[in-house]
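Q: This is what each chain is made of:
Protein chains: 2
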Amino acid sequence: MQQNKKSLNESYSKTAYPLIGHGARTAEVLLEAFDDVDGGQSADMYGRGAIIEDFQSRMAEALGKEAAVFFPSGTMAQQIALRIWCDEAGLKKVAYHPLCHLEIHEEDGLKELHHIEPILLADKDRLITLEDVQRLDERISCLLLELPQREIGGQLPDYGELEAISAFCRANGIKLHLDGARLFEITPYYGKSAAEICALFDSVYVSFYKGIGGIAGAILAGNAEFTAKSKIWKRRHGGDLVSLYPYIVSSDYYYKLRIGRMKQYYEEAKELAMLFNQCEGIQTRPEIPVSNMFHVHFRMSMERLEPLLVDVLDETGVGLVSYLRETDDHSCFTEVHIGDRYSQVPKEDLMMAFRLLDEKIKRAALV
Amino acid sequence: MQQNKKSLNESYSKTAYPLIGHGARTAEVLLEAFDDVDGGQSADMYGRGAIIEDFQSRMAEALGKEAAVFFPSGTMAQQIALRIWCDEAGLKKVAYHPLCHLEIHEEDGLKELHHIEPILLADKDRLITLEDVQRLDERISCLLLELPQREIGGQLPDYGELEAISAFCRANGIKLHLDGARLFEITPYYGKSAAEICALFDSVYVSFYKGIGGIAGAILAGNAEFTAKSKIWKRRHGGDLVSLYPYIVSSDYYYKLRIGRMKQYYEEAKELAMLFNQCEGIQTRPEIPVSNMFHVHFRMSMERLEPLLVDVLDETGVGLVSYLRETDDHSCFTEVHIGDRYSQVPKEDLMMAFRLLDEKIKRAALV
Chain G
17 MQQNKKSLNE SYSKTAYPLI GHGARTAEVL LEAFDDVDGG QSADMYGRGA IIEDFQSRMA
77 EALGKEAAVF FPSGTMAQQI ALRIWCDEAG LKKVAYHPLC HLEIHEEDGL KELHHIEPIL
137 LADKDRLITL EDVQRLDERI SCLLLELPQR EIGGQLPDYG ELEAISAFCR ANGIKLHLDG
197 ARLFEITPYY GKSAAEICAL FDSVYVSFYK GIGGIAGAIL AGNAEFTAKS KIWKRRHGGD
257 LVSLYPYIVS SDYYYKLRIG RMKQYYEEAK ELAMLFNQCE GIQTRPEIPV SNMFHVHFRM
317 SMERLEPLLV DVLDETGVGL VSYLRETDDH SCFTEVHIGD RYSQVPKEDL MMAFRLLDEK
377 IKRAALV
Chain C
17 MQQNKKSLNE SYSKTAYPLI GHGARTAEVL LEAFDDVDGG QSADMYGRGA IIEDFQSRMA
77 EALGKEAAVF FPSGTMAQQI ALRIWCDEAG LKKVAYHPLC HLEIHEEDGL KELHHIEPIL
137 LADKDRLITL EDVQRLDERI SCLLLELPQR EIGGQLPDYG ELEAISAFCR ANGIKLHLDG
197 ARLFEITPYY GKSAAEICAL FDSVYVSFYK GIGGIAGAIL AGNAEFTAKS KIWKRRHGGD
257 LVSLYPYIVS SDYYYKLRIG RMKQYYEEAK ELAMLFNQCE GIQTRPEIPV SNMFHVHFRM
317 SMERLEPLLV DVLDETGVGL VSYLRETDDH SCFTEVHIGD RYSQVPKEDL MMAFRLLDEK
377 IKRAALV
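Taken in sequence, the protein lines are chains G and C.
For any residue, its number in the working numbering is found by taking its place in the first sequence, counting from 1, and adding 16.
For any residue, its number in the working numbering is found by taking its place in the second sequence, counting from 1, and adding 16.
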């Protein structure tokens with residue numbers, strides 16, 4: 017299985033037209049971002065200097081918040097956000113989704129470093145609803161919502177539900193924090209600006225290496241008291257680096273380059289999901305994407321599917337899928353997120369790849 | 017005073033020959049490091065990939081340790097080192113110098129995030145001795161030694177004293193951690209390799225933006241069990257960035273460029289300290305430097321000295337001092353660290369600057 021896995025990844029990396037994301041994660045990402053940078057530009061020093069302060073100001077404005085702080089990672093930014101709200105309320109209890117990044121990808125930093133207890137709302141298969149929040153029988157300091165909910169394919173609540181959750185939290189003294197790792201990517205679906213969405217939240221984190229495609233880095237935004245506290249915690253975490261400009265310059269560059277393309281990525285995601293859904297035994301989640309991402313579920317085991325996919329990729333040069341992951345029910349899935357690459361794939365090659373995939377799956381079903 | 021301070025800094029930044037360090041902290045530092053980097057070079061991904069693993073291996077070898085982990089900051093690396101040793105001993109107590117970086121520059125991250133209690137050894141004016149360690153009347157998990165002790169001018173214990181402290185710690189089940197932010201810079205004075213010095217310690221942190229002059233970044237080294245644990249804590253802290261290569265590439269580049277120059281910087285520091293010490297009312301600490309750094313103490317108030325220095329800098333174009341800091345006894349001091357710049361200053365200009373400084377101080381003393 018390890019061997020198969022490697023071979024799909026190998027095939028993908030050799031395709032003429034990989035579908036996923038913006039491009040390979042190489043040093044070129046940095047070189048392009050720094051191509052026009054003046055060598056005399058002063059570095060930031062421990063959070064000070066025009067290069068960091070200007071970007072923070074522009075991001076505060078884009079997110080409609082009083083202030084913003086650049087962080088090396090979202091992991092650091094979000095733990096700190098929850099810690100600040102817990103300290104303010106004098107209660108180390110928060111609520112979030114069972115598949116929240118803090119719960120499954122951070123080695124329990126929130127618990128180990130901050131001793132904050134999370135209550136898991138909803139369940140692994142669905143979004144948090146207003147009812148889930150209303151039914152909480154314990155007091156919490158902060159509710160974290162991730163928009164879109166990445167681990168279930170990038171789903172979103174109706175905007176009205178979101179407004180109702182926000183109103184409920186405000187009425188009940190619960191701070192609302194936005195895990196907006198993919199915030200910019202959902203603005204076309206909601207038909208709202210980032211600032212309009214953020215207005216429903218007390219604090220917000222956004223990432224610069226998802227849809228934006230930078231190297232790394234995050235912004236945490238909120239009121240000035242909140243961001244001032246976050247800088248103290250940033251130093252405690254070891255995130256107040258002498259200079260963060262490699263990440264700031266690239267975040268800024270790719271933000272400017274791609275912020276206007278979010279609608280295009282969203283439309284393309286819907287198109288691609290439709291092509292997947294037309295194939296035998298394939299279903300996307302959500303069926304109609306609400307951002308630039310979705311999951312593709314295959315009703316076939318990974319062992320059987322992987323060689324078929326390798327054939328399709330090798331024969332057509334179109335990288336439909338870069339990896340597979342097994343699910344509990346012995347089927348498998350992959351994640352797709354649209355960036356600059358999709359529009360570069362010739363439509364006829366794309367169609368051929370889907371036809372071939374559909375044929376191969378149908379043939380395999382007969383065996 | 018704020019005005020004077022600004023003006024010395026301004027004068028310094030306009031001098032033809034600033035003395036301190038390697039050069040201005042500008043984007044050029046990154047551009048130079050990436051000049052020969054192939055755009056196709058793959059990025060590191062969450063601690064994996066040749067670009068991070070190769071550098072870690074080479075640093076483990078240079079430090080004579082089993083393994084090494086690249087961290088975005090020393091603040092993060094050192095808190096984690098102490099946490100691992102405390103957890104292993106089941107005792108959240110360590111000892112370090114009162115002017116240790118963790119005590120004065122990290123917003124108490126060690127206490128706030130790790131709940132580790134530090135015992136302050138020695139006092140603010142001198143180094144930790146073997147006797148200080150022997151006299152400890154409480155059990156500790158780990159002793160941190162900073163070599164050289166930056167905040168007192170970069171002083172070092174005799175090597176024999178260091179060996180004796182190491183032997184005592186080993187005999188008494190105390191882990192010994194090296195704050196080696198300036199480790200490479202002390203190898204010429206001790207006449208030992210970095211690995212020989214590190215052999216006295218269980219874990220070691222080194223920095224890449226002090227004598228090495230990179231952008232940011234640190235290495236934490238020790239045995240494989242220790243470094244494996246440090247990776248988990250690195251993720252918890254939010255330091256396991258998707259890609260750290262901007263710091264790794266620049267650390268590697270400047271390490272190769274400057275590791276062979278440490279003896280030169282050390283010899284130049286001794287020369288420059290001698291020139292300061294020949295001036296009226298000026299004394300360096302240590303009198304004879306043991307690394308590339310020292311402090312310069314002036315027996316004059318900052319208000320009186322600053323205009324004199326501004327005149328010297330403006331008249332000679334030699335940047336002897338970039339800032340001043342007041343001390344408790346109403347005199348003042350500055351820190352000097354030697355890098356690539358010192359050797360570029362014409363000797364006659366340097367001598368003229370010191371003559372002028374000496375004259376001005378003597379004249380001021382008569383007023």
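Worth flagging that the hints you see were computed from the coordinates, not collected in a lab.
Any given hint could turn out to be false.
If chains are identical, the list can't say which one is meant, so a pair holds when it fits in one copy or spans any two.
Claimed, not checked - Using 27 Å as the maximum straight-line C-alpha spacing, the simulated DSS-like pairs for lysine-lysine come out as follows:
#1 Lys376 to Lys108
#2 Lys363 to Lys247
#3 Lys127 to Lys109
#4 Lys109 to Lys140
#5 Lys30 to Lys109
#6 Lys286 to Lys363
#7 Lys363 to Lys245
#8 Lys127 to Lys272
#9 Lys30 to Lys247
#10 Lys378 to Lys272
#11 Lys127 to Lys108
#12 Lys30 to Lys127
#13 Lys108 to Lys247
#14 Lys30 to Lys376
#15 Lys286 to Lys245
#16 Lys378 to Lys208
#17 Lys140 to Lys245
#18 Lys247 to Lys376
#19 Lys245 to Lys127
#20 Lys127 to Lys247
#21 Lys279 to Lys247
#22 Lys245 to Lys30
#23 Lys279 to Lys378
#24 Lys108 to Lys245
#25 Lys378 to Lys140
#26 Lys363 to Lys127
#27 Lys272 to Lys30
Q: Each of the hints needs a verdict: does it hold here or not?
A: Outcome of the hint check:
no., hint, verdict
1, Lys376 to Lys108, "neither (53 Å within a copy, 60 Å between copies)"
2, Lys363 to Lys247, "neither (48 Å within a copy, 44 Å between copies)"
3, Lys127 to Lys109, "both (10 Å within a copy, 21 Å between copies)"
4, Lys109 to Lys140, "within (20 Å within a copy, 41 Å between copies)"
5, Lys30 to Lys109, "neither (48 Å within a copy, 53 Å between copies)"
6, Lys286 to Lys363, "within (15 Å within a copy, 70 Å between copies)"
7, Lys363 to Lys245, "neither (51 Å within a copy, 48 Å between copies)"
8, Lys127 to Lys272, "neither (36 Å within a copy, 40 Å between copies)"
9, Lys30 to Lys247, "neither (44 Å within a copy, 32 Å between copies)"
10, Lys378 to Lys272, "neither (44 Å within a copy, 58 Å between copies)"
11, Lys127 to Lys108, "both (10 Å within a copy, 18 Å between copies)"
12, Lys30 to Lys127, "neither (42 Å within a copy, 50 Å between copies)"
13, Lys108 to Lys247, "both (20 Å within a copy, 26 Å between copies)"
14, Lys30 to Lys376, "within (21 Å within a copy, 71 Å between copies)"
15, Lys286 to Lys245, "neither (41 Å within a copy, 43 Å between copies)"
16, Lys378 to Lys208, "neither (42 Å within a copy, 70 Å between copies)"
17, Lys140 to Lys245, "neither (33 Å within a copy, 29 Å between copies)"
18, Lys247 to Lys376, "neither (55 Å within a copy, 43 Å between copies)"
19, Lys245 to Lys127, "both (20 Å within a copy, 17 Å between copies)"
20, Lys127 to Lys247, "both (20 Å within a copy, 17 Å between copies)"
21, Lys279 to Lys247, "neither (33 Å within a copy, 38 Å between copies)"
22, Lys245 to Lys30, "neither (47 Å within a copy, 36 Å between copies)"
23, Lys279 to Lys378, "neither (34 Å within a copy, 71 Å between copies)"
24, Lys108 to Lys245, "both (17 Å within a copy, 26 Å between copies)"
25, Lys378 to Lys140, "neither (31 Å within a copy, 77 Å between copies)"
26, Lys363 to Lys127, "neither (48 Å within a copy, 58 Å between copies)"
27, Lys272 to Lys30, "neither (30 Å within a copy, 34 Å between copies)"
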